[in-house]
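Colleague: As a plain string of letters, each chain reads:
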Amino acid sequence: MATPNVPLWEVFIRSRNGLAHKHVGSLHAADSTLALQAARDIYTRRGEGLSIWVVPSNAITASDPSEKGMMFEPAESKIYRHPTFYDVPDEVGHM
Amino acid sequence: MYTQALNSSDGDDRGVEDVARASQFQARIDADERIEPNDWMPAAYRKTLTRQISQHAHSEIVGMLPEGNWITRAPSLRRKAALLAKVQDECGHGLYLYAAAETLGTSREELVDAMLSGKAKYSSIFNYPTLTWADIGTIGWLVDGAAIMNQIPLCRCSYGPYARAMIRVCKEESFHQRQGFEIMVTLCRGTAEQKAMAQNALDRWWWPVLMMFGPPDQVSQHSDTSTKWKIKRFSNDELRQKFIDATVPQAEFLGLTIPDPGMKQNENGNWVHSPIDWDEFKQVLAGNGPCNRDRLAARRKAHEEGAWVREAAMAYAEKRKSRQLAQAAE
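Quick note, the sequences are listed as chains A and B, same order.
Following this note's numbering from start to finish, the first sequence increments by one per residue and tops out at 1013.
Following this note's numbering from start to finish, the second sequence increments by one per residue and tops out at 609.
Looking at chain A on its own, in the form it has when it is part of the complex (with noise of 0.2 angstroms):
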């Protein structure tokens, strides 16, 4: 008999203070509180984490890789909003 598929969950650990949560990777769990407690012991047996986050894979959306040109093309004109596009005397010193 096949086994039935259990949820898929998606892992973030906040690993110190002042830190944000990043994602480290997935497991299977039947409900939330076991997903953290699968989380707890796969992901943090070093003392790796302080908090963790676990968030039902099918509830992301991504964006699509194969149209990654498209999606981030305003970011790669606009070298305005970089601080090294301005020009600033070097008699100013450090700014």
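FYI, nobody ran anything at the bench for these hints, they're computed from the structure.
Here the structure is a predicted model, which is why all the values come from computation and not from measurement.
One should not assume that every hint holds.
Pair ranges (Cβ atoms, derived) [said to hold, decoys possible]:
(1) A:990 with B:309: 18 to 26 angstroms
(2) B:355 with A:923: 41 to 49 angstroms
(3) A:923 with B:528: 44 to 52 angstroms
(4) A:969 with B:579: 32 to 40 angstroms
A virtual CB, placed ideally from N, CA and C, is assigned to each residue, including glycine.
Position chain B against the provided structure of chain A, taking the given hints into account.
Modeller: Chain B only, in chain A's frame:
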């Protein structure tokens, strides 16, 4: 822990489906770009990786059995705690790897079922028994040592999720090898009987460990594609040689004799081993090793006995969900 022996692809699955896309794909690999799950990839690349990563995962899970055998009989609480932590790590490694394999489009349940039905392979090394406590030391020292040799280049593998899983695995694996070597040092500094036990374990594991790297390069037919795709970065023989050269001085330090009287150092300083009995390797892969049947039976039993837990957890989740829906409707 892992072996290179399973890294081969089928000869017949390399049909070129879309020449333009395939050449774009190869260009990305050549430029050392990482391939991610939603990127286009040739069907054969997907198939090869699904097989390799899932077999790697199965090896981690089956690999828990020979060592689990000694948890209750470890000689001290310190050794027991370390061994328990190591076996937990192997389970964790299996799960990282199943997660990486799943990103290629096959569910973990299907992958596990393929292992339980005997269709999917796992590393041949876990079909050997752990007869004494010295076997636990030898596994950590040599089996994990061989696995590290193979896994470090996999951290740069072209498939992103696999490479990332390997980075985590390698970080943890180093403790495994050191705890094994510490066991060996303790036994070798112990009584004559303890030292003899260490030597006996080395005698039994040495050749199977060399086989972990897979068939010699001249008969390993499928390495080309894996090399071209940057899944495999070193050949079987190269890795085997690296491993032997690293291990010989360690055995010397322990005062143990490697069970290969014909082994000689060549002019480059490499240790050249005597011929390996590849018939034994083939027999073990074909299911006729000392513990093949035991290992599969143990996995099946654990899977079947855990079925009610999986069912209960899913039923409880369903019940809570429908209760919440009913409350929201009120």
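Colleague: Taking the hints in turn, state whether each one holds.
Modeller: Evaluated hints:
| no. | hint | verdict |
| --- | --- | --- |
| 1 | A:990 with B:309: 18 to 26 angstroms | holds, 23 angstroms |
| 2 | B:355 with A:923: 41 to 49 angstroms | holds, 43 angstroms |
| 3 | A:923 with B:528: 44 to 52 angstroms | holds, 49 angstroms |
| 4 | A:969 with B:579: 32 to 40 angstroms | holds, 38 angstroms |
Every hint from the earlier list agrees with this structure, and none is contradicted.
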